[in-house]
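Listed below, chain by chain, are the residues.
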Amino acid sequence: MNPGSLSFVIAAIVAYAIAALLSFISVGRGKTAATWPQLTLAIAAVLSQTVGLGVHCATSTTHYFTSPMEILWLLSWSVGINYVLILAAWRIVGLGVLVLPLNVALLAASIFSRYPGPAPFGALDLHPFYPPHVLLAFLGYGFFLSACAISILYLRAERLLKHKLFGAVFHGIPSLERLERTAGRCVLAGFGFFTLALVLGGYLAHAHGVSSWFLHPKMLAAEITWLVFLTLIVGRATGRLIGRLAAQSVLVGAGLVALTIVLGHPLEVDEDHETPPTGTREQLRP
Amino acid sequence: MSARWTLFALGLSFRTAPVSLRERLAFRAAELPDAVKQLREQCQCREAVILSTCNRVEFFIVASADEEDRLSEKARGFLASHRGVPLDAFQGALYEHRGGEAARHLFEVAASLDSQVLGETEVLSQTREAFRIASEAGAVGRRLQALFDRAFHLARELRRAGGVGKGRASISSAAVKLAERIFDQLSEHATLVVGTGEMASGIVKSLKSAGVTNFIVAGRSKERSEAFAQETGSRCGRLENLQEHLRTADIVLVSTAAPHYILTVDHLSRALDARHGRPVFLIDISVPRNVDPAAQDLPGVFLYDIDDLDAVAREGRKQREEAASRWRPRLAEEAKRLLVELSDDAPDQAAKRLLAQVSALRMAEVEQFKQSADADDPALLKLEEALDRFQAKLLHGPLSALKEAAREGDGSAAAEWVERLFRLPPPETRNKSEPLEEE
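Sequences listed follow chains A and B, in order.
Our numbering applies: residue 985 is where the first sequence begins, and numbers increase by one.
Our numbering applies: residue 9 is where the second sequence begins, and numbers increase by one.
Keep in mind the hints are simulated off the structure, nothing from the lab.
Computed from a predicted model, the values in this text were never measured in an experiment.
Mixed in with the good hints there might be a few duds.
Over the 12 Å line for every Cβ pair with chain A, so calculated as not near, a few chain B residues [said to hold, decoys possible]:
1. S209
2. S217
3. A368
With a straight-line cut-off of 27 Å between C-alpha atoms, the simulated DSS-like cross-links for lysine-lysine are [to be verified]:
4. B:K326 / B:K213
5. B:K411 / B:K401
6. B:K360 / B:K411
7. A:K1146 / B:K213
8. B:K82 / B:K45
9. B:K326 / A:K1148
10. B:K344 / B:K82
11. B:K344 / B:K411
12. A:K1146 / B:K216
13. B:K216 / B:K230
14. B:K216 / A:K1148
15. A:K1146 / B:K326
16. B:K213 / A:K1148
By construction, the Cβ of each residue, glycine as well, lies at the ideal position given by its N, Cα and C atoms.
Please construct the entire structure, taking both the sequences and the accompanying hints into account.
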């Protein structure tokens, strides 16, 4: 990570950490409304991350978003955007308790993870569909992970209600119905982004001569993830997959998302296919 | 040191008197204007407010300090004679507060820290109304005005700060609180009421005010169910169709006198199958219970009995009590401070009289000098300026001391000493029969 980007990432970590602290305090005191300081801090963190990412993309001479550092960074950015949207629209303060520390951890890990060093750009990186593919995929991941965090809150709230634990934490979590609806909306939005990313990814793989790309482990994990979330959406729409079972299904889906990310190295091009040109950005740019 | 006026509060409340006694002594709203005038006349007091609610009857009186000893007796006599209840019947239920304690009591009443349900909002509007009636009857002067203004201000501040009004403190509101933990928009969910008990009626009313609009009442007695439905604005259902109602209702309130389970695990399992796992919130306030407690283990069933609701209400009451205990010292401090501010007009008066006396002396000396000496105008001007400075320097010490004493609560004593030291003339005395506006 270059020093320019690093300063923005550190600023984002600080903002997320303070917002996380406020979130813990809000939930601990049983508050559900005082969201503006957390919202302001989260927006500041997302903006800082966005600028950092911009600086990184402008100065990078390697494949985009294939190193753990970049994946963690982009994932945290996407989760941050989702958090801001959810907090602004549905005021789920308790979500910050899960999402904000996660973002701090993701960003801290991205700083300390190994950056693969200079590797030449491939033709794939310069294809006009590649940046939207990456962006859509990570926005989808972000929504799925947010849905996962909300589902954890749902299961926690349900447990508190079932076991009749009427403490401060109980008062700090929104209603089950709101949690379920919000998780459903996140799944729907994530599914839309993820589907588009899959279509674009398939097209890119096909265009670059990757044979049987749909059987690649990464693609298999992505396809199963897609099916799980499709089932969840259909189940919700027909009223057959709601409540605890729906929340548990979201957790399974989020696990598959994590697997897809872990398996997310670039697809290999067939040997008999014409080798795509490699080199620096300037050399490859028409 | 003796203050020239006194603040006195006399009354009884739910803490000291049963409702049977409170209802005999309560003043109707229409009676209050005349009653407050009569109280003022009978107690020979300067200012008076009568606060009469379902939970308390209280007089707040400002009177001359000379009347202090007789105030209690006169106010008690007024209450007994006005309501036609022998004093012996309620003597033991009465309490009195004087000075800062009376102010603190008023602050706590207005802020709902002395209410049966801590933090309830009604008492503030009742206190405002009592004050308005007394003001319109011409029974409020600057002291009660300042006292009630501060009480209202503190009550608003306390409410804004939250805490005392937070937390559900009754069984009905606890049921609403739990419903809100499960459902986001209560207006979107139907409620089935099984049984027509009085407590069920209270919970239905609370749910209605929280937004629930769709109620179905099902009871054994058709007449009672219809009456209950009419009273609560619900629809009447049939107990035989319980299983069908369970498919559509998301909130089920059970309150019957049946000695057995009306809703069993089997009932609910079948209903849940039909509901495709949609959660159901069950409130069983019957004793003995009418919903099988084992139903709580079914997924999507949230079952609470009367003890659970009481636990939520207790939690709410605990929260309110904690908040109230944080505020009480502040209100006591404010009461003390206000009383000091109001009592200590003596230093102000003494300072004014001192300034007037010294200015008069100075001007007399200047006049005398003009007549005796042949001084030109510039010289006279210089002399007047020099005397002005001398007066300011001379009086700086005593005036500062008066201010400090007023801040520390010793204003009246300091004023007395200044009066003695400078041989100030006594203040102009006000006739008691003068209207309050001239005070």
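Structure-based check of each hint:
No Cβ of chain A comes within 12 Å of the Cβ of S209 of chain B; the nearest lies about 25 Å off, and the non-interface call holds. The claim that S217 of chain B is not at the interface with chain A holds, since no C-beta of that chain comes within 12 Å of its own (minimum 18 Å). Against chain A, the non-interface label of A368 of chain B holds: every CB pair exceeds 12 Å, the least being about 61 Å. Proximity of K326 of chain B to K213 of chain B is assessed by CA-CA distance (about 24 Å); at most 27 Å being required, the pair is judged to hold.
Under the criterion of a C-alpha separation no larger than 27 Å, the hint pairing K411 of chain B with K401 of chain B is consistent with the structure, at around 16 Å. Among the hinted pairs, K360 of chain B with K411 of chain B is consistent with the structure: their alpha-carbon atoms are about 12 Å apart, no more than 27 Å. Restraint check for K1146 of chain A and K213 of chain B: the C-alpha separation of about 25 Å stays at or below 27 Å, so the hint holds. For the proposed pair K82 of chain B and K45 of chain B, the alpha carbon gap of about 14 Å is at most 27 Å, so the pair holds.
For a cut-off of 27 Å, the pair hint linking K326 of chain B to K1148 of chain A stands: about 17 Å separates their Cα positions. For the proposed pair K344 of chain B and K82 of chain B, the alpha carbon gap of about 26 Å is at most 27 Å, so the pair holds. Of the supplied pair hints, the one linking K344 of chain B and K411 of chain B holds, its CA atoms being roughly 17 Å apart against a limit of 27 Å. At most 27 Å may separate the alpha-carbon atoms for a hinted pair to count; K1146 of chain A and K216 of chain B meet this at roughly 25 Å.
Proposed proximity of K216 of chain B and K230 of chain B is supported: the alpha carbons are some 22 Å apart, at most 27 Å. Simply put, K216 of chain B and K1148 of chain A have alpha-carbon atoms about 24 Å apart, close enough for the 27 Å limit, and the pair holds. Our distance criterion of 27 Å between C-alpha atoms is met by K1146 of chain A and K326 of chain B, whose separation comes to about 22 Å. With a C-alpha separation of about 24 Å, the suggested pairing of K213 of chain B with K1148 of chain A holds against the 27 Å cut-off.
This entry satisfies every hint, going by the numbered hints stated previously.
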